[in-house]
Amino acid sequence: MEEKTKKRKKWGGVAMRKKAVLLSCILILLLPLAGCVGKKEISDLAIVMAVGIDEGKEAGSVKVSVQVARPADARGQTGAPAGQSGEAIWNVEAEGESIFEAIRKLSSISTRRIFWAHNFIIVINEQVAKEGIGGIIDFFSRNQELRMRTKVVITPDSASEIVSTATGLEIIPGEAMDKLFRYSAISSVSAQSDMMELLAAYLSPSSEPLLARVILQKMKVDSEKAEAGASLKQIELAGAGVFKDDKLVGILKPEEMRGVIAFRDKLDSGALIATCPSNPNKNTTVELDAPSFRVEPTYHNQEIRFKATLDVDVSVVEAGCSFAINNKEQVKTLQNSVEDTLRKQIMTTVNKVQKDYQADVFELGKVFQNKYPYEWKKYKNNWSEIFSTTNIDVVVHSEVVSGELLFKPTESGKKEKSKE
Amino acid sequence: MTNNSKEKQFTNHLTENVKMIVDILQQSVDFVKREMVFHEQKQIKTALFYIDGLASIQHVEKVIEAIMYEGNELIIRNDIEEDSLLKLLDKHVLMNSSFAAITELDKGINAILSGDSILIVDGCSKAFHIQTKGWDTRSVDEPQTEQVVRGPRDGFTENIRTNTALVRRRIRDPELRIEAMNIGARTKTDINIAYIKDTVKKGLVEEVKKRLERIDIDGILESGYIEELITDVPFSPFTTIMNTERPDKVASALLEGRVAIFVDNTPFVLVVPTYFWQFLQASDDYYMGYMAGSFFRMVRYAAFIISLTLTSIYVMLVSFHQEMIPTPLALTIASGREIVPFPVLLEALLMELTFELMREAGLRMPKPVGQAVSIVGSLVIGQAAVQAGIVSPFMVIIVAVTGISSFVIPNYSASYSIRLIRFPLLIASGLLGLLGFSVMFALLAIHALSIRSFGESYMAPATPFQPTDQKDSLVRFPWWAMKKRPDLADGDQQKLGENQKPSPPDPLAKKQMKSKNENSDISSRKKEEENGKGSSAAANSQAKGKQQAEAINKKETAQTSSSFSNKDEGKLDTLFPVNQPEEQISVIEEGVEKDNAAMEKQQLFLQKTRNITSASGVKRWKKKRKKGKNGEG
Amino acid sequence: MKVQITNGMFMALIINMLYAKSIGLTQGVIAREVGGDMWLSTIFASMQGLVVMALVVIVIKRMPEGDLIDQFHQIFGKWIGKGAAFLVFIFFIGAYGSIMATFVYHLKDYFLPEAPLVLFIAGAFLIGAYALFFGIEVVARMALIGIFSIIGLNILLMIGSLGKFDIRELLPTFQSGVVKTVWASRHHNTDWAMATMMAAIILPIVKEKKTWIKSGTAGICYSAIIIIMWPILETGVLSPEVAAQYIISCMQMARSAEIGLFIHRYEMIMIALFALSILTQIMMTFLCSSIAMQKMLGLKDYRPAIIPSGLILSGFSYWMVKNHHRAMHIIEGIWVPVSLGIAVGLPALLLISGFFFKKKLKMKKNNANVQG
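Chains as they are written, first to last, in this note's numbering: chain R, 1 to 420; chain U, 421 to 1053; chain E, 1054 to 1425.
No wet-lab data here; the hints were simulated from the structure. Misleading hints may appear alongside valid ones.
List time: in silico SDA-like cross-link candidates among lysine to any residue, alpha-carbon distance up to 20 angstroms [claimed, not checked]:
(1) Lys352/R <-> Glu385/R
(2) Lys19/R <-> Leu1364/E
(3) Lys380/R <-> Leu1364/E
(4) Lys266/R <-> Leu1215/E
(5) Lys307/R <-> Ser141/R
(6) Lys378/R <-> Leu1215/E
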């Protein structure tokens, strides 16, 4: 060691420089030795747009079906003529004992490498969901290719059929399904559920997962067979599925979704049908604007109560009868009617979730934890039983603020004349 | 070979001298020897040597004329000795603008080869070196490699004296020094070093001279030779010496404390030291408004980044990290690449090569054909290649955008070094994806950070971060905000006087016009510095006196304006004062006072008429009229 | 080394040394212990860091011409000085291992899963050797670039994830109890230990002695501010349980961030920025270990020591990083007492012994004054 240091002390000598240069050359040459490891050309990839998981034929096996985009058909001719066959997607399915194995089997069918990074949506059949989706959650969160904001939905129909249906206005059906959720807040019929939220809810000590639900419904009119009416199936948002741990325990219908969305996300504007104040046989449709929703926990004598308050502004969008916005009585009646309807809707959901399913999808555990952290420790371990016994009060306040553009009621002028 | 002639000197005898010169220069067809007789009676023979083409025939003929005609004068004086022969010729005969007497043969030979003439007189041991240079040169024209929209359009030529003159015209400071030297054993090229003495950094000129003197080469044909021989980093693709064809660039560099190196026979002048970011600055930035200049400068920075990294990023994304591409774009790229047989890296290299081919071809082709190639090449070849399925359309766009961005960089040699650096980056990112890209980028960054250009860090003022120099780096601050010279310059740091920000004249507060007396003026400050600190006391008292005068003037204006409102008829004097000293009412003030006057008049009129226009007022007026009438009648 | 670096560069170096590992790896470790209170642990750790940094500055100020090892040499003699150098070397080997774990797991697991590990190690070695060849100035300038990229990275992340931020995840505080939270801060302590040890070695080169203490503590403060954003966002956006699940939680958060509808995953831009900072950290660790080896072997300049120390560092990090389990075991387990012991122990030892051996220090100062 000493001799070497003596030699090395002469830094700057030519021999030393040459050695350093040689060593660095060797190191630099080491890099290309890897030989483009990990390189995958984009034209060698089968870009998966949607994936569906069903039960396989044998017991305990899964069937994975994927929707792969065909770029040449999806985009049209951008260069030299490519192989265009007119179909924008290519659907295949494979079975295996576990998801990973099924996917491996897919590679024996596909000419290109299956690439998950652009996947829009994961569709899970309800039968599979009832048996537990823990394995699915694990697979998709361990994999580094998948985006964590991929949507996850359940369906009573066959997932592979959903995945293969050409639906929506988009070229790629997977993209269409993803976009379905973008405007779902307007109709409030389904929740937004993506992989990240699912994982967070699954790992959470108190909250339970809630997944959106889709069904196939004959809604599209075939332009060539117009006389047959709606004959082609399209994908429709239809409520949500309530999970306990990782098993599906129940379904919430689309009408019941408003209650859940209020607790979990932000409620957007929604529509509501109330009875007309002046004519109980007719209906008035109102739009609920600027809803603000608060939940407050209270804790007295070892009893947990939750008070939920919903404030909405009401605008009359469709009045089937004569309704004047400056008629105070009519307004009051309408308000009461709206409040009642809303309350009933939310309470139905709350009761269903609480009593029937006993799964805290409302994230009330977190709310309680935030306000009473010390008391929470007592109830942490058996929250789901306690949740089903707590009292949840719902109070709704509404205020009619506008009749859209009109100020006077829309009625036939002739009636008035006869009155006069 | 030349050693002997260095020591050789001219002798008294004409024939020997002539033989010596002819021996060395021998038999070139353009080497002319002209023999004349001077002083008919004494038959003093003279010989004149010059190179045809290098020497201007007019000047040579002047010499001959002088010798042959003016010799008559000496006929009057019969007495001629050796010494006075020199003096005679010097004072009375030769009419050229400059000449000298030389003794060494070597200098004489150099003089002949430079275009001057050598006159040898029999009996005189000194030869006359007469300035007769004159040859054909290109006229001063717009530089072809650096064009501007706004700014001077003269560029350097191949004549070194013209070049230095172009710079001298812009800097009339007596501190501008130009020193000369010769480099190149066979070419003996003239090199001039220019700098401003009290601004240049200490030690810089000596360093430059040291490096230039170290050069030992047979010929310097262009300033590029010198660049390579004195650079700080011989192995780096970065250029540490700036070269330019524009005199205004050289002048501004000299004002910042740099040194310029002029080389004969080339219009490209070198400027040292250089920062890397200078290559991204164009003269336009400084002459257009600062907002436009800053905007275009940022466009250039973006172009720099694009030309360096865009292709590498594209290759990296498409080959390794397809998840980063937005999905619709990914599908489009995939569809374009469906039928291309090559991997992306190879495709990129192929397209880059093609682009370079087209560019080089456009440069070398004769002008009439060159235009066709550039247009046809870019459009048709690109489109045709895509149709043929050799490249994907996306790649054509990427390469085209990269190419265009690299031409945005104003300095041609800098754009070249950036194009060169692009290739290792491209290959590294094509081989290893993100790891390759970041490793290679870091290596390049480290390399760039370690370069020094004549002692200055190459990447200043970004790193090491010099806050004082930031006013000209990312954006250009207005001229009235750039107060100091860059950190590079020693000596006089103050570049700008006080309060240079322009503003419209303020009518309310009286501001004196500051041009003559104010100490903030640069030239007067300079004089002050020269006179020493004694005058500063005087200056202070001067300033005080000024303030007092201002205060007095303020009062006076207040008085005048208030007095004006009281009396309506003109004190015309107050509107146009004649005798009031140091009171210069600006045009706006005049206007304001006129308005005030008009308003006053109006108010008075209204006051009068108010009494009339109300109902009771009308009655009163009628009464008054009646009274008046009655009074009259 | 006659080179000098400015105070700004010194602060930049401190921030760079702290940043890379603390935002991801450390947060995952802390989340596994205390869940939603990770940010509190980080704050506690930073406060401790301030104290130790002040301690280091005070200690070095006593003998400003030499660094930590030189002081040991001066006070205790040659062999203990060499022992101190050896301990410092061990420290930086461990530090390099954890830094390489960060580097490799960020780049390899998420972007290049099939690339062989050797490439990453060799690439880092190459860059470190190349930069050190030019000297510390170049590394300090890279640190300045690193600062800009860190700020850019923070801003990009905030843009992409603030939309999904849920403050309810953070509240209530001190869920796991104060003691546990403070105890969990030891993991972040190992991060600033790297910065303080680096400061102990390079303080003599920093200009302007008077502002050493201000720049040192300011550096730790700034880095605390920049780093604290990450655990807060990670808890709010992901949720503490998810953050605890992953080895590198910062990457997970970066992957979930979205700007608008068309840029779904821009973590590559963030990683490119992040890479500059972590490469600076690699270079700096390399430098400090070469200096330690130089002092250990009694060489005049650290350049001959670059290659042997680099080889040792690379070998160790290769062994450590290859197995995820082993790496996490070392980082969570062994490394904590080792690093804190060396980083706090050595300066503390000097502080105490400095009181007893003041004469020796003064002698050195006088000698220096006479010479210089």
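Lys380/R and Leu1364/E were given as a pair; does the straight-line alpha-carbon distance stay at or below 20 angstroms? Cα-Cα ~52 angstroms, so violated.
Holds or violated: Lys19/R and Leu1364/E, Cα atoms, limit 20 angstroms. holds, 15 angstroms
Restraint check for Lys378/R with Leu1215/E, where alpha carbons must lie at most 20 angstroms apart: It is violated: about 33 angstroms lies between the C-alpha atoms, which goes past 20 angstroms.
Do the alpha carbons of Lys266/R and Leu1215/E lie within 20 angstroms of each other, as the hint requires? holds, 16 angstroms
Are the Cα atoms of Lys352/R and Glu385/R separated by 20 angstroms or less? Within the cut-off at roughly 14 angstroms; holds.
Lys307/R and Ser141/R were given as a pair; does the straight-line alpha-carbon distance stay at or below 20 angstroms? The given pair, whose Cα atoms are some 36 angstroms apart, is violated under the 20 angstroms limit.
Consistency with the previously given hints fails for numbers 3, 5 and 6, ordered from lowest to highest.
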